[in-house]
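Produce the entire structure from the sequences given, and follow the hints as far as they go.
One line per chain: the protein sequences are A and B, in this order.
Last residue of the first sequence: 58 (our numbering), numbering continuous.
Last residue of the second sequence: 329 (our numbering), numbering continuous.
Calculated from the structure, these hints are not laboratory results.
For glycine and all other residues, C-beta sits at the position ideal for the given N, C-alpha and C.
Just to be clear, a hint being listed does not mean it is correct.
Have a look at the derived ranges for each label pair, beta carbon to beta carbon [said to hold, decoys possible]:
1. B:Phe319 <-> A:Met49: 53 to 59 angstroms
2. B:Phe308 <-> A:Asn5: 23 to 29 angstroms
3. B:Ile221 <-> A:Gly21: 54 to 60 angstroms
4. B:Leu245 <-> A:Arg8: 20 to 26 angstroms
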Amino acid sequence: MNRERSERAILRVLHGVGLLFFIFLVAFPFYWMLVASLKPLIVLAMNPLDLWLSV
Amino acid sequence: MSNRKTTGNTRELTEEVPRLRLHRFLFRGAPTLAQREQRLAYLLLGPPSLIVLALIIFPMLWNFWLAFHRVRLLDLRRFAWWQLEATLNNFITVFMHHDLWPALRATLLYTTCGTLLALLMGLGAAMMVHSHFRGRGLIRSAFLIPYIAPIVAVAFAWRFILDPRGVLVAGLLGAGILEQPINLLSQRPWAMISLIAFEGWRYFPFDFLFILARLQAIPPVFYEAAAVDGATPLQKFFYVTLPQLKLVLATLLLLRFMWTFNKFDDVFLVTRGTAGTRVLTMKVYDFLIGEFNVGAGAAMALVLFTVLGLLLYVYFRVVMGRAEKE
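Take a look at the structure:
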């Protein structure tokens with residue numbers, strides 16, 4: 004019973020982490036495309052970590 | 004009302020006459036039912052056979068013929084096929100090419116790792132969204148986006164993200180994981196790793212869709228029986244879920260392996276075949292477009308086809324044979 008409970012707890016954490024990982028993995032390239040489409044290339048090259056949307 | 008009935012009857016009659024004519028044309032001289040059915044079967048098989056002949060058999064035979072003749076791109080317009088003598092020179096060119104074996108190694112590595120990664124990611128994603136939670140439908144739909152997005156758009160986005168001045172390298176430098184920038188697209192072994200990662204990302208939705216459909220079709224009574232036997236969640240996964248998924252996983256492995264083995268556009272767009280990522284399909288392109296050597300390009304395509312055929316034969320004999328015995 005203890006083993007089942009601990010497995011359930013671990014799987015719940017893994018489920019949450021995995022879901023966030025997959026959402027990030029799928030969404031990030033498209034979010035980056037959106038950000039890149041609204042900024043000049045020079046701004047992107049100067050500061051690649053600035054991923055905020057700004058028009 | 005009567006008018007409508009008359010119109011309906013007239014239409015039926017006008018449709019009936021050509022139908023009778025066709026019937027007479029088809030079955031003239033075929034007195035028995037078996038003969039008529041046979042004639043109808045041949046007639047129905049005709050159009051699909053012609054399509055298969057034109058779209059599959061003819062290009063294959065054409066490629067086979069080209070592989071055994073010395074044909075350059077310039078000769079294609081004016082040559083007469085009966086004037087050229089058969090030769091094995093194209094195969095000698097292909098097999099003596101210094102880049103063939105590295106390309107074969109790169110193809111096998113890219114295909115095996117890319118297929119397995121996409122399959123594992125598809126399985127993981129399907130397991131994540133199998134259970135009920137809020138927003139499940141939205142996430143399921145979102146997971147399909149990498150597969151339906153245009154390849155050129157996503158390949159260029161990945162190129163910019165993986166660039167030495169891109170967001171990934173900048174993030175790794177900022178976090179102190181890297182001391183100096185690396186080129187993930189033109190440096191060994193990072194180029195191949197990036198390509199395999201792209202393959203996994205781009206094609207996991209296809210596997211995800213099939214695995215999720217199979218997961219939903221597993222009868223709940225199996226899990227109830229496992230629960231009565233005292234199975235833990237992991238035991239349920241290994242002894243109920245995985246055996247139920249075995250057939251769909253084997254089919255996906257086969258399909259994805261074939262498709263990845265023949266992939267050209269992804270490799271061309273992401274790494275351009277640099278740093279050990281020049282796969283066999285790129286060699287076909289090199290022979291055809293780079294050297295204008297149609298014969299060598301066709302011979303290379305034939306080699307590709309033979310290698311894939313051999314691998315699939317082994318797969319069917321070993322994996323499918325074992326699955327059938329079980």
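Right, here's what the structure says about each hint:
1. B:Phe319 <-> A:Met49: 53 to 59 angstroms: holds, 55 angstroms
2. B:Phe308 <-> A:Asn5: 23 to 29 angstroms: violated, 56 angstroms
3. B:Ile221 <-> A:Gly21: 54 to 60 angstroms: Given about 20 angstroms between the Cβ atoms, the range is violated.
4. B:Leu245 <-> A:Arg8: 20 to 26 angstroms: holds, 23 angstroms
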